[in-house]
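Enquirer: With the hints as constraints, model all of the structure from the sequences given.
Protein chains: 2
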Amino acid sequence: MLNPATPEFLDTLRDRLPEPVFRDAGPEHLEEPRGRYRGQGLLLAPGSTEEVATILQACHTACVGVVPHGGGTGLVGGQVMQGGVAPVILSLARMTAIRDVFPSENVMLAEAGAILADVQRAAREAGRMFPLSLASEGSARIGGLLSTNAGGLNVLRYGNARAQCLGLEVVMATGEVWHGLTRLYKDNTGYDLRDLMIGAEGTLGIITAAALRMAPVPAASGSALFHVASPRAALDLLALARDRVGDTVTAFELMHRQGPEFLIEAGLDARVPLDPLPEWMVLMELGLPEGLRPEDSLAAIFEAAVAAGLSADGVIASSETQAEALWAIRETIPEANRRIGSISSHDISVPLSALPDFIEQAEPVLRALGNVRINCFGHLGDGNLHYNVFPPKGRTREEFEEIRLRVKEIVHDLAHGFGGSVSAEHGIGRLKVDDLERYGDPVKLSMMRAIKTALDPHGILNPGAVLRG
Amino acid sequence: MLNPATPEFLDTLRDRLPEPVFRDAGPEHLEEPRGRYRGQGLLLAPGSTEEVATILQACHTACVGVVPHGGGTGLVGGQVMQGGVAPVILSLARMTAIRDVFPSENVMLAEAGAILADVQRAAREAGRMFPLSLASEGSARIGGLLSTNAGGLNVLRYGNARAQCLGLEVVMATGEVWHGLTRLYKDNTGYDLRDLMIGAEGTLGIITAAALRMAPVPAASGSALFHVASPRAALDLLALARDRVGDTVTAFELMHRQGPEFLIEAGLDARVPLDPLPEWMVLMELGLPEGLRPEDSLAAIFEAAVAAGLSADGVIASSETQAEALWAIRETIPEANRRIGSISSHDISVPLSALPDFIEQAEPVLRALGNVRINCFGHLGDGNLHYNVFPPKGRTREEFEEIRLRVKEIVHDLAHGFGGSVSAEHGIGRLKVDDLERYGDPVKLSMMRAIKTALDPHGILNPGAVLRG
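So the sequence lines, in the order shown, correspond to chains V and F.
Number 360 in UniProt numbering belongs to position 360 of the first sequence; there are no gaps in the numbering.
Number 55 in UniProt numbering belongs to position 55 of the second sequence; there are no gaps in the numbering.
Careful: at least some of the hints might be erroneous.
What the hints assert, rightly or not - In silico DSBU-like links for lysine-lysine, alpha-carbon gap of 30 Å or less:
1) V/K444 - F/K444
2) V/K408 - V/K444
3) V/K393 - V/K408
4) F/K452 - V/K444
5) F/K393 - F/K408
6) F/K408 - V/K452
7) V/K452 - F/K452
8) F/K393 - F/K452
9) F/K408 - F/K444
10) V/K444 - V/K393
Derived by calculation from the structure, the hints in this document are not laboratory data.
Being a predicted model, the structure only gives us computed values, none of them experimental.
Expert: Below, the structure is given as structure tokens:
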């Protein structure tokens, strides 16, 4: 049983923590982007790992819950606790230092509050790249990105957030600090606690800093937008491209026509330079070694795709500006979705070869529920679709509230039936706790509960997230 | 407290398990490659996941230890239990099926007993590659490779065993089966138990099958052996190569002259085609996309390296046969080491930029101990050195027994002092339990013990490996 975080409890910390730690919680700490949850709690904003440790030790002793808060961009309510006993909201936003950069090692040490765009910039300044890239990179923070094992646009080639991390510094529920901030690429000394903390959404420990791996910048990069005959043709195109250029394919995004149409409807100005607008499109990026021109490699792939009947139209960016314009289409779709307002949004993955069947089978079942629109787009090469269901033009999501849960159930049941996941990259948070219980392997769930109890015996860390409190 | 595995205990299983499960333990189950440990126990060789579950349930109930056994190639005694209470030796060698191959997904399902070379072959037959590659690939089995998070030659580009695995089927200590054999590239539903099991050396569960990811085959591959002026020059060469061809550098191995000299001394016939034999050499492999000739890319790298004063001699393989001859040098060194017999062998890693300092500082301290020879070689791009210390020519390791522990201590202390690891890829097993206690972070160790108790409350799984029993 947890006790509430009260002003009196915070007062007991005032002689151990400097004044800047004590701040008022603002809307950014109490709301989440989709407006599904409204949080509560008292804010503490430590400036160092030691201060985080002091806070956790006190919360552990007093059985006070702690909800960690990074950039607040999570989409599943992991960052806000609605109802229950008021927690401490632990903001990492003051711990933004890039502690060190080791260009010759391709390693950077960043604190949990460092914003992704700043980490990317630090890598660029060192002549390297930090491959994690996603729509919220201007506000998402490293601690949250690791805690949710964020995905994004470059997972196909570089892996998700987990793959970008070599080591962690973590404050445990008891306030003890695990100094695991290694710069080693290989270290087989004991259990992989790094990967256990990554994706645990702050329920097993508070990440305070990370050793991040940077990647070499490809000598040349290029992008193209291709029409594809179908989702299956898109998969064949991916295989064809990889047969030719291997895993220099750094991104491979599928888009249905609905996405670009939403851009127009929402008054956003990214435009597809293909006429007529194809039903299905693929946005592809190559990162190539010295000696190859991306336009040539993309043209060869396009010709082979046309010869194989996979594609009939396409545009290859001939400059970085053109490439950015193509990527703006893809990256603006989430904002269009937000403006239009979905009935239900889903972040599913299925085994790659089942993806066309999933798309084929989901649509008629959903249309049978009502006159809905489907915006299906996402990271095809990872088997990860953002499969979002919208009201018809001129109507609002509120009018479809009664079918919302049924829509979600249909999409999730179908993905699960194909051996898929109901959260490919967004995590569980509070939104999908029921889904995890419904679809998760029971032995996995009982292991998760055993580990949670072992590492956080009072259950203070992000109560109610991932596992029911 | 564990009970011994007795013939009577095995008899209680005879009505629940078919006859082929009951076999006599052979030398292959009781010895390990370096002859440091001699095992004991009674053998069971289940043919299915259900049979593994039946055995573990019985062992859990009766508090009988279980030592899992794959190919038996581990170098740290994880596969043999010497002394203590006799365990069941659980051989996975009968579970060798490649259950399924999904070329369009780059995924394969293999049972734990599948031999690495067979998995590589199955990938090749599907037009793909399975990148894990190491000296013992003809006998090492997938379950053991994952349980030890094996490394090898291609970690630089493809990551270690962990990075090749999408999902696992695991029998828990209680006999419950976690069905986590997913073919998904992205799945953020709950804690990362896959990576917790990988590298746990059979102390948290028994891996019975794995979903493995295959990689596209590069359109063209090529290898070269370059003289390098020093280990620091080797690091600069790696950075230079990656600036030009990015991470199409698939392997980058450092060798000291001592290695090729050992090949001659041991009567093995791989030869370095450089005259005079350089003190330091690098063996590099590129895996390139369509449109580039590896010889051209390697020649451009060589020219730039010469211009930068990093290299003065080199040979670029002009055929696959020549490339194989170059790789035979590197791959035969471990056999030469075995024949000559080391005083102490080490599998250390340090942060990349500290590697030249480590090499510089270790040598004089070791030479001060006696007239020893050092064979330093390994996966430079990963910061991982096999740093092995040998007696002078004509003398034997036994004559140096009294300095063995001191040698190990010097090497491990120095690596640890640089923020390094005392087991980069071989794991802890039973050989390095003391080292883990000496060098490991105490908070990490207490977390490991808490997790071990949570998942294996009777302590039956691989007793005494990784954590003291």
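Enquirer: If a hint holds in the structure, say so; if it doesn't, say that too.
Expert: Here is what the structure says about each hint:
Under the criterion of a C-alpha separation no larger than 30 Å, the hint pairing V/K444 with F/K444 is consistent with the structure, at around 22 Å. Proximity of V/K408 to V/K444 is assessed by CA-CA distance (about 23 Å); at most 30 Å being required, the pair is judged to hold. Taking the CA atoms of V/K393 and V/K408, the gap is about 20 Å. The hint holds against a cut of 30 Å. This hinted pair checks out: F/K452 and V/K444 have alpha carbons roughly 15 Å apart, not beyond 30 Å.
Between F/K393 and F/K408, the direct Cα distance comes to roughly 20 Å. Compliance with the 30 Å bound is thereby established for this hinted pair. Restraint check: the Cα-Cα separation between F/K408 and V/K452 comes to about 37 Å, which exceeds 30 Å; the hinted pair is violated. This hinted pair checks out: V/K452 and F/K452 have alpha carbons roughly 13 Å apart, not beyond 30 Å. For the hint linking F/K393 to F/K452, the alpha-carbon distance of about 45 Å lies beyond 30 Å, and the restraint is violated.
Taking the CA atoms of F/K408 and F/K444, the gap is about 23 Å. The hint holds against a cut of 30 Å. For the hint pairing V/K444 with V/K393, the CA-to-CA distance comes to about 42 Å; that exceeds 30 Å, so the pair is violated.
Violated hints for the displayed structure, listed by number in ascending order: 6, 8, 10.
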